[in-house]
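Participant: As a plain string of letters, each chain reads:
Protein chains: 4
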Amino acid sequence: MNSSNHRKERDTLGEIMVPKDAYYGSQTQRAINNFQISGRHLPRTFIKAQGIIKASAAFTNMELGRLSKTTGEAIIQAAEEVIEGKFDDQFVVDVYQAGAGTSQNMNINEVIASRASEILNGRLDSHHVHPHDHVNMTQSTNDTFHSAIHIAAAEIINQRLLPSVSHLQKELEKKSIAFMPIMKSGRTHLHDALPIRLGQEFSGYAETIKSTYQQIEETTDALYEIGLGGQAIGTKMNLPPEYIPKVIAEVCKRTNLPFREPSNMFQFIQNTNAPIRTMLALKELSIHLIKITSDLRLLASGPRTGLAEITLPSVQPGSTIMPGKVNPAILEMTHMVCCQVIGYETAIATAGMAGQLEINVMMPLIAHTLLDSLEILSNTIPTMVNKCIIGIQGNEQICNNYMQESLALVTALSPIMGFDLASQIGKEADDKNVTIKQVLQERNLDTPEIIKALNPKGMV
Amino acid sequence: MNSSNHRKERDTLGEIMVPKDAYYGSQTQRAINNFQISGRHLPRTFIKAQGIIKASAAFTNMELGRLSKTTGEAIIQAAEEVIEGKFDDQFVVDVYQAGAGTSQNMNINEVIASRASEILNGRLDSHHVHPHDHVNMTQSTNDTFHSAIHIAAAEIINQRLLPSVSHLQKELEKKSIAFMPIMKSGRTHLHDALPIRLGQEFSGYAETIKSTYQQIEETTDALYEIGLGGQAIGTKMNLPPEYIPKVIAEVCKRTNLPFREPSNMFQFIQNTNAPIRTMLALKELSIHLIKITSDLRLLASGPRTGLAEITLPSVQPGSTIMPGKVNPAILEMTHMVCCQVIGYETAIATAGMAGQLEINVMMPLIAHTLLDSLEILSNTIPTMVNKCIIGIQGNEQICNNYMQESLALVTALSPIMGFDLASQIGKEADDKNVTIKQVLQERNLDTPEIIKALNPKGMV
Amino acid sequence: MNSSNHRKERDTLGEIMVPKDAYYGSQTQRAINNFQISGRHLPRTFIKAQGIIKASAAFTNMELGRLSKTTGEAIIQAAEEVIEGKFDDQFVVDVYQAGAGTSQNMNINEVIASRASEILNGRLDSHHVHPHDHVNMTQSTNDTFHSAIHIAAAEIINQRLLPSVSHLQKELEKKSIAFMPIMKSGRTHLHDALPIRLGQEFSGYAETIKSTYQQIEETTDALYEIGLGGQAIGTKMNLPPEYIPKVIAEVCKRTNLPFREPSNMFQFIQNTNAPIRTMLALKELSIHLIKITSDLRLLASGPRTGLAEITLPSVQPGSTIMPGKVNPAILEMTHMVCCQVIGYETAIATAGMAGQLEINVMMPLIAHTLLDSLEILSNTIPTMVNKCIIGIQGNEQICNNYMQESLALVTALSPIMGFDLASQIGKEADDKNVTIKQVLQERNLDTPEIIKALNPKGMV
Amino acid sequence: MNSSNHRKERDTLGEIMVPKDAYYGSQTQRAINNFQISGRHLPRTFIKAQGIIKASAAFTNMELGRLSKTTGEAIIQAAEEVIEGKFDDQFVVDVYQAGAGTSQNMNINEVIASRASEILNGRLDSHHVHPHDHVNMTQSTNDTFHSAIHIAAAEIINQRLLPSVSHLQKELEKKSIAFMPIMKSGRTHLHDALPIRLGQEFSGYAETIKSTYQQIEETTDALYEIGLGGQAIGTKMNLPPEYIPKVIAEVCKRTNLPFREPSNMFQFIQNTNAPIRTMLALKELSIHLIKITSDLRLLASGPRTGLAEITLPSVQPGSTIMPGKVNPAILEMTHMVCCQVIGYETAIATAGMAGQLEINVMMPLIAHTLLDSLEILSNTIPTMVNKCIIGIQGNEQICNNYMQESLALVTALSPIMGFDLASQIGKEADDKNVTIKQVLQERNLDTPEIIKALNPKGMV
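Chains as they are written, first to last, in numbering that gives the first Met the number 0: chain A, 0 to 459; chain B, 0 to 459; chain C, 0 to 459; chain D, 0 to 459.
Calculated directly from the structure, the hints in this document are not laboratory data.
Any given hint might turn out to be false.
Identical copies look the same in the list; a pair holds intra-copy or inter-copy alike.
[To be verified] With a straight-line cut-off of 25 Å between C-alpha atoms, the simulated DSS-like cross-links for lysine-lysine are: (1) K169 / K68; (2) K209 / K235; (3) K436 / K456; (4) K68 / K235; (5) K169 / K209; (6) K235 / K451; (7) K235 / K456; (8) K7 / K19; (9) K169 / K245; (10) K235 / K173; (11) K235 / K436; (12) K68 / K85; (13) K209 / K173.
One chain only, chain A, in its complex shape (with noise of 0.2 Å):
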């Protein structure tokens, strides 16, 4: 550590070298020193929020006369210029850190009181403003770290998981629609079943995701309760009574969300509730598309091999040394983000469940696997609307094919002729190898009402 590089910091624990230029302090860089683990950081979103936090604190206690109208100020557009993601490289705590965020609390902390410290008299290092005692005020990491997952997520569903997925109900909708007109058999327990159309299987697809489109929504609002003013074990201690609902207001206003107080402020500090919850929803989409896509591949499975009733759109070579082969490339990359999301609810629930008394923590943990599962689903989806939903196109002719096959269109004839005898000819054709039909010729079965039964024009 060359002394000409970094300055001495100084904490409770004695003294530090950081690099000079850092806007970061002692306490980020003691968590650097403690936590190299995976190289990984909070995202973009997060460190966001935070800054949402802190600009809305400084305000709020500019305000109410805590915080003088200089440093309220320059805090401010400090934290303003981390929310536009300025001071994106200074954001270096390892996700996997101390339990409650406090490093990532006293990151940002020293980030603001650096910057606005700069902003006042020239010198990044100058502790002008104090990161405990002026950006820290009011707050706690407790109050305010898991506000920021609450003010993160919230903002990634409404802006783009929700649109996407509302997309993706569309064009799935829209695909029901043209499909239509493509009559094929349906198929339970991979056996030959009744007639259905194409679309009706889209339609029930469309409708899945519709469903799973409101669950989103409505857990989302369990995210809009954030506990500011909480601070370390849900007290308020010391408050005024203006600031929670003022500080709240002036999140709204920059996120132009609806967030409330919660109904009870220990509830919020003890627990993970809205994240625990949130991420049970994202589990839910994850299992829906895992049977969505599986039944698109199983659909598309061919070209001569398998059922190829649908075909979907080419994105990239196939294969490195079956050439020519193009494979279901989109759908295997969604299938395998839903594993992943479905692996970080139970990430989740395992650290939800692992509170103790007055916090839990796990909350950077928490923090890490709902945001990511948030920013990978948001990204796949639309990439699979895009890249293959709308590109698929229907068989129909070998639709056709296996309709007028389908041992099952002898459903239609049971309520003429009894279960028991149906059954008889269904067993017949199959062994035999041959239609319904014909079982039913050589039979002499074939009246003109039973072949009129068999038309799977009359069964869908």
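Let chain A serve as the given structure and place chains B, C and D on it in line with the hints.
Facilitator: Okay, now just chains B, C and D, sitting in the frame of chain A:
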């Protein structure tokens, strides 16, 4: 197989011997032979829901003139006897069976057909009423088994789970009020934190449960969609348009619950959305119960070697080797039940993503794990409330002692003297193993303002 | 509670009424009253293991002169009757009970004490033999309950699970040999791939099962550590040094399995290492079974609308609405059992990480989920083998057709003409919906070398 | 896309622009365009393993006369530069990509082909060396990607994970020895239990880690099977028999690890057995680390309001609002990493069961989650050891006080006076809030024998 005790039955696969007095028939017998796995059957609540569906379908088919009055009324009477539990010993198919629950559906079809035959002509084996053509008329396994899960789950949730969760919330709230005078030290990271009231901690627990109650209630909405009439793959083949509204109205009448037709029948048949979503809500409940019961066990630890801030009621001797020991048995049991529910959620999720095309063939497992989760939670929560929560006592003296000792009281000095000096005082008290007040006295910092600020009552 | 049907018993918590003829006593009765949760009890295998421990401890204590011959022999006789299953109806504590299994241990202590008293003086309620002082002598719940899990699990694994897994492997190998002549198209990404033999696919399944067999067998080694004598917290308090080797030798004699003292007794008592590890191996088995059964269902899909490369034996009619349908019921059941086992693993892992200090208080759940997993797998695998695997038939004609059609045959041309030209030919065949050979002919590339390279027999 | 900065490349799907200086080519570029999901790439260890495979294959093909010396040597040089990390910035495909990892395999094929071309003729875009025909010769994505996972995982486990686990075990053993003189009260159910030595508790932790070390080591054995030469589906198409032993020998030489051919090549290609099994072992490790770190946090709770039996080293200030607070940051971080690993295991298991027929198309996710688990555990454990375990101090006075106070001492009297009387004494001490000894004195039961039995030293 003694032929004097057995009768011969047949189906598409040929002949099979069935116990002479059994109301079930050939297909149930095949399932008994095929599935000797766990010895467990689907529960009473599920059988009841199946019976409601069979009665409602027969009633509707009679109304629509598809089923003769004689046969229809015999079926309804038989189904009502099933609903009342008179034939519980005839439901003998293992939980682990064929994927759509065909065996389970045939079990009730056969039992009702035999019993209806017996009603009509005194002979249970007369085949007067046909399991497929009459009892299963206008139905398939796929729409009825799935709908039975919804009906059974909705009934338990409404009649047992939600009332018990609400009771838990109310008793936690009562404790919260009762414990509000008890001041103690908060703990974050299991380390000394600011003062808090024991009642405030409990108010957090109560709020957590309240929020989860609402989540379960909202989630249940999806269970009210039942796909009767969708038949095998959702195409409602050959059904008159009045069938679906009529049969659902009859189910509503018999359950007093607001069931409705699914928005999209294909989605209902393809998917297991509502059971998945309900299980996710039960997982959320379980995570919270684990956190709360773990806290209570920690607060009740001791009596001499733990925190001992609360005392739990004694319900049974705690040890076979340590005389006089009393353990938090009810809370431990609750924790285990929650672990099991979390495991069941994994099972359902794994099953839920395994759907293929028109149906999901993991239905019996989904029924079993969802209904068993609801059963054990509905039994556990009242036990937890009545045998533990209601009897919890707060140990005020011990709580107060911790509060006076807590090094975190120094937090109150931070706004007065700045974070850095306050930190030094906190550290010195820790190093010298004395109280904050003693350090202040030694440093002549014990001004009236500071002593007043140190009063814990001002902090909560 | 009619006093003529009940007797009064007492313990540290006071008096309690117990059914007159019950061999269990006050603490079992308290557990019945406290835990009305699932109606399920720990299984026969567990009770047997508890009985073995009680008999072995009494034998050892007699040998060491701590227990009189009269009392000891009566206890041993009673324990042997428990082992034989004569008192199964006396084991009435719910699976979900106090955390260490104290109620379960008291249940057997009380049953054996009553029965031993009865043996000695004809009166089961005479308290002649004391459940703690005699039956539980030198034991605690913590060492015996945990050891009983190990003994019960090791017995099922050795006697039932491993033989069934081995049988599965052997039958898959037989199928592999039988199917080796059947050439087909491989499928990767569900898309046309190179030729493969049906028998080669099955050889992969057999090898997967073989590898998992070894893993389960190795894992079982940890179960052979049993901590008898560790007592409540591993300190072996007041035990003569001969006790542990003697009691374990007696267990080995009674089980014919190589149990041994744990390397570190504190670790054994603190932890649930072996059950966790065993469940992880069962999860591995389940993942593989899901993959294999899913493959088999896919290969057997059809008969007209799927791949239909293999035919599964019919075990029962498949549909209540589609006559003649036969579904892969056994494989679906297997898949469901595997989902349940995977869910149980989640339950055990969640419970396993909840240990605190000297013991883990999730023991009864761990016992239940591990033993139930072993039970259902041990029943499922033979069913799967006997009712499905053994009867699988390969459909050679269909397999060959796919092989001839597959576009992936072009891969064989890549080393001859280069990847780029081969790719163009593959793509052209796909676009024009013709075979590779047809494209080659059109392009006059059908040289003898190339035609020979295209022969699928050369590729496998 | 400025054409002056880009060059045109082409593949079966047509033309595509690639950055002029990029070593990667058309297929990597398509993958960049298709997969904008997480911004994360497969790690250095994976790229290195891919490089080793490419070098080994080229070497073998040269030896076998299939690849010219000039081309082969250029490929080997290029691959070695990749191994050294010189082209890390050229590996740009997102972790979430096509299912078999085709894009990843093409990325390295293209980079090596360009670099080898450059080596040979100075022009990276000269296509002198072909990515398929030369670099990928005798390989496919399916055998190489999967093998690269094995190689990378085996290297991290051997070089980093196992040494760190072993170090953890040794330091826990040292603590165990150092703390053996410190007597304390055990706690079961978090309630007073018999005396134990602090060192005995730590010996349990050490043994748990030792056992898990062995489990990880044994599990790794499966990773040594690498399927090079299996090609797309395991049929080793057109390969000379010497290829496989030669290429594996070369990998062994380059890694100094004992890789071998799989027992069954189809199993290797179908399955992801070894990564699944390895992740299960990492889950076991994580469960144990969670238990141990939770215990340590509980024992270190306080300093004034918790158990305070041990003191953890301070690594950073603990709170942004409570001055002087020091939290168990390293243990919390460890717990979070374990939650993440447990989540990754869920992801892999979910992916692992999604294999279909000849391959599993979740490979990139499996690579990412397995290697990231190994990475973060390999970084966390040394941090945990060096910044926490090594510095733990036992607080003998506090430990002794708890021991003297514990009501469980009465256990020692049970063999002397019987369980029932001992229980009464224990209960009386609890009710009156006095020690066991005081009750004995009041009852005149304090005989020398009894007082001696009460001495905790005799109990451990």
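Participant: Compare the structure with each hint and give your call.
Facilitator: Hints, one by one, checked against the model:
{"no.": "1", "hint": "K169 / K68", "result": "neither (50 Å within a copy, 47 Å between copies)"}
{"no.": "2", "hint": "K209 / K235", "result": "between (40 Å within a copy, 22 Å between copies)"}
{"no.": "3", "hint": "K436 / K456", "result": "within (15 Å within a copy, 38 Å between copies)"}
{"no.": "4", "hint": "K68 / K235", "result": "within (24 Å within a copy, 69 Å between copies)"}
{"no.": "5", "hint": "K169 / K209", "result": "within (9 Å within a copy, 35 Å between copies)"}
{"no.": "6", "hint": "K235 / K451", "result": "between (76 Å within a copy, 18 Å between copies)"}
{"no.": "7", "hint": "K235 / K456", "result": "between (68 Å within a copy, 13 Å between copies)"}
{"no.": "8", "hint": "K7 / K19", "result": "within (9 Å within a copy, 45 Å between copies)"}
{"no.": "9", "hint": "K169 / K245", "result": "neither (40 Å within a copy, 32 Å between copies)"}
{"no.": "10", "hint": "K235 / K173", "result": "between (52 Å within a copy, 23 Å between copies)"}
{"no.": "11", "hint": "K235 / K436", "result": "between (79 Å within a copy, 23 Å between copies)"}
{"no.": "12", "hint": "K68 / K85", "result": "within (23 Å within a copy, 52 Å between copies)"}
{"no.": "13", "hint": "K209 / K173", "result": "within (13 Å within a copy, 41 Å between copies)"}
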